[in-house]
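Asks: Listed below, chain by chain, are the residues.
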Amino acid sequence: MNGPRVALAAGSLACVVAANTIGVVLGPAQPRPLIAVCALFAAGAALFALLSREDRVGLALAASLPAVLALMAADEAWLVGPLGVLLLGAAELCAWSWEQRGAGPDPRLPVRRLARSAVLCGIGLVVSLLCYALGRLHPWSGTLAVFVAAVGVAVVVWVVTRAAGRDRQPGDPPGT
Amino acid sequence: MTESTGKVLSPRRDGRLLPYVAVAVGALVVALLTGKPALVALAVPFLLALGVGLARTGPLRVSARLDVDTTQLLEGDRVHGAVTLDWPGRLDLEVLVRTPGGMVAVQPDPLRWTLSAATGPVRLPVVLGAAHWGRHVVGEVWVRARAPRGLLVWQGRVAVGPTLRVLPQVERLNRLLDPAESRAVAGVHPSPRIGDGYEFAELRPYTPGDRLRDLNWGATARHGRPYVNRHHPELSGEVVIVLDTYTDGTTEVLARVARAAWAIASVHLQAGDRVGVIGLGGRWRQLNPAGGQRARYQLLSTLLAIGGDAVDTTSHSWVPHRLPVPESALVIALTPLYRRNVVQVCQDWRARGRAVAVAVLDARDVLPRPTSELDVTARRLWQLEIERRRAALTDVGIPVVSVGRDGLARSVVTGLRHAGRAHTVRTGR
Chain B
52 MNGPRVALAA GSLACVVAAN TIGVVLGPAQ PRPLIAVCAL FAAGAALFAL LSREDRVGLA
112 LAASLPAVLA LMAADEAWLV GPLGVLLLGA AELCAWSWEQ RGAGPDPRLP VRRLARSAVL
172 CGIGLVVSLL CYALGRLHPW SGTLAVFVAA VGVAVVVWVV TRAAGRDRQP GDPPGT
Chain C
7 MTESTGKVLS PRRDGRLLPY VAVAVGALVV ALLTGKPALV ALAVPFLLAL GVGLARTGPL
67 RVSARLDVDT TQLLEGDRVH GAVTLDWPGR LDLEVLVRTP GGMVAVQPDP LRWTLSAATG
127 PVRLPVVLGA AHWGRHVVGE VWVRARAPRG LLVWQGRVAV GPTLRVLPQV ERLNRLLDPA
187 ESRAVAGVHP SPRIGDGYEF AELRPYTPGD RLRDLNWGAT ARHGRPYVNR HHPELSGEVV
247 IVLDTYTDGT TEVLARVARA AWAIASVHLQ AGDRVGVIGL GGRWRQLNPA GGQRARYQLL
307 STLLAIGGDA VDTTSHSWVP HRLPVPESAL VIALTPLYRR NVVQVCQDWR ARGRAVAVAV
367 LDARDVLPRP TSELDVTARR LWQLEIERRR AALTDVGIPV VSVGRDGLAR SVVTGLRHAG
427 RAHTVRTGR
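These protein sequence lines are chains B and C, in that order.
Counting in my numbering, the first sequence runs from 52 upward without gaps.
Counting in my numbering, the second sequence runs from 7 upward without gaps.
These are calculated hints, taken from the structure and not from any lab test.
Backbone N, C-alpha and C define an ideal beta-carbon position, used for all residues, glycine too.
Fair warning: there could be bad hints in the mix.
Claimed, not checked - One side only, chain C facing chain B, incomplete, derived with CB under 8 angstroms:
hint	residue
1	17
2	21
3	24
4	25
5	28
6	29
7	45
8	50
9	52
10	56
11	60
12	166
Next up, chain B with everything else stripped away, as it sits in the complex:
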């Protein structure tokens, strides 16, 4: 493993561990042992995904969900969104660490990828906190509202980026 790959992999693992640790520490006391077991499993799955199979990152995310969802019962629900962003960051870093394999010595590449993921995670954090704040107004109507908002955000982003991605065809002069 080259340097950037190790750094990205370490960052990914750190994100998973941090999300689970927060969930275990701040979560309810009674189911803590069970959550801790899930957290250990999540860390192991993250390690496996980083070392052997990148498509196993889903396992790490799934195993991290108990720790994150436990915050709902501990009156720390506002942390659910940020921890989700942390897990998203872990998955992104895992993917980039695999992409770094054999990518050459160019140091700009991982930096660019990190910057893109950081922007995505930053926007995700802001939007998720906004959704949470909106949901706090009323439980059920808030849920519906933020559901519509979330879907709307995704659709708008999709449409906008698709329009931007409608590019020229091969054979056209460069720059057109």
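Please arrange chain C on chain B, whose structure you already have, making use of the hints.
Replies: Relative to the frame of chain B, chain C by itself:
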């Protein structure tokens, strides 16, 4: 030197796509069922990632070509070229030139590039080295593309380079093996028959009709009556070179086989002999003995085909039936003796009266150093097996020489001359 090809690549999902969908949809559904809006906040970042990552879907058309400056080169030479790529849009692109067994990368020139958020067209310089003789495709261009922040990957082979003819390096020979029987055309091998020529054969008393220029004045003076010189006519012969290219994947052995074969064949052709070749190891290939410039090209083409077969390890097969060899030909087998069948074939030729000589290619020097006692013991056992096969050949009167890395072709000729010495290598009539 290649046509630009437009290849349509279908998208494949990234490893993150399904987990993101599962988390987002699961969190939304549970939020709706339980009425807890905080869960939607968990889904939102993943929904955003999905929205951005699936912005670009559908197949991707990539135009690519791989050009090189030559299609014919010698073993060890370099070929310069370029990969030209074009694609629509802004993509993160990984480009790989995958080389077959006969071509290798030349450091520090890369065969893999990573382009971040790049737009086409791009031109990437390529330098390759010809590591092994034969007819090889110069390389295949593979591409893996993804949109920036994308969750889909487009991957596939987009171009294939031209086929190169890599010729083996020629070793100089200054001596020739004498073929088994000279043919009735002019050449440089003295025939066992008597006739016009330069090499002295015998003295005999003058008979009417003999040329005066053949009178041996010294013998005439001693015997008191006229004697004339008789000569061997210089005639050409037939040589069949057998290439056993079945190796353990060590291309150095193949290179040595090729160099020796080409050197021996070239010199015999230059001398007016008829030269044929049989390839064993990959696909079975045979070129009947022939002479002249055309035969030279045919021989070269067959050698290159044999070299290509040898690199393609999937095509290795053995021909169980008897291989036909002209009755008068000298058979020179170049083999590492890795397969026992080669011994049987040579013994069969010998039993049918062919003149056979075997050069065993010793490739121990290209093996890595043994790392354990087990390695050492295994190599000793293998060497004993090789010696046993050599003994099986010499027992039936086939001269065998070992050939190392230096002076290969010359050592073949010298060794076989020394070992065969007119009784086995040359069976003149």
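Asks: Each hint needs a verdict: does it hold in this structure or not?
Replies: Checked hints:
Taking 8 angstroms as the C-beta cut-off, the interface hint given for residue 17 of chain C is violated, the closest approach to chain B being about 13 angstroms. Because the beta carbon of residue 21 of chain C sits about 4 angstroms from the nearest beta carbon in chain B, less than 8 angstroms, this interface hint is met. Hint status for residue 24 of chain C relative to chain B: holds, with the closest Cβ pair at about 6 angstroms, below 8 angstroms. Taking 8 angstroms as the C-beta cut-off, the interface hint given for residue 25 of chain C holds, the closest approach to chain B being about 3 angstroms.
For residue 28 of chain C, the suggested interface contact is upheld, since its CB lies about 7 angstroms from the closest CB of chain B, less than 8 angstroms. Among the interface hints, the one on residue 29 of chain C holds; its C-beta lies about 6 angstroms from the nearest C-beta in chain B, closer than the 8 angstroms criterion. With a cut of 8 angstroms, the hint placing residue 45 of chain C at the interface with chain B holds, because the nearest CB-to-CB distance is about 7 angstroms. Checking residue 50 of chain C against chain B by beta carbon gives a least distance of about 4 angstroms; that is within 8 angstroms, so the hint holds.
Of the supplied interface hints, the one on residue 52 of chain C holds, with its beta-carbon coming within about 6 angstroms of a beta-carbon of chain B, less than 8 angstroms. Interface hint status for residue 56 of chain C: upheld, as the beta-carbon distance to the closest one in chain B is roughly 6 angstroms, under 8 angstroms. Interface hint at residue 60 of chain C: satisfied, since its Cβ lies 6 angstroms from the closest Cβ of chain B, which is below the 8 angstroms cut-off. A hinted interface residue such as residue 166 of chain C counts as satisfied when its beta carbon comes closer than 8 angstroms to some beta carbon of chain B; here the least separation is about 18 angstroms, so the hint is violated.
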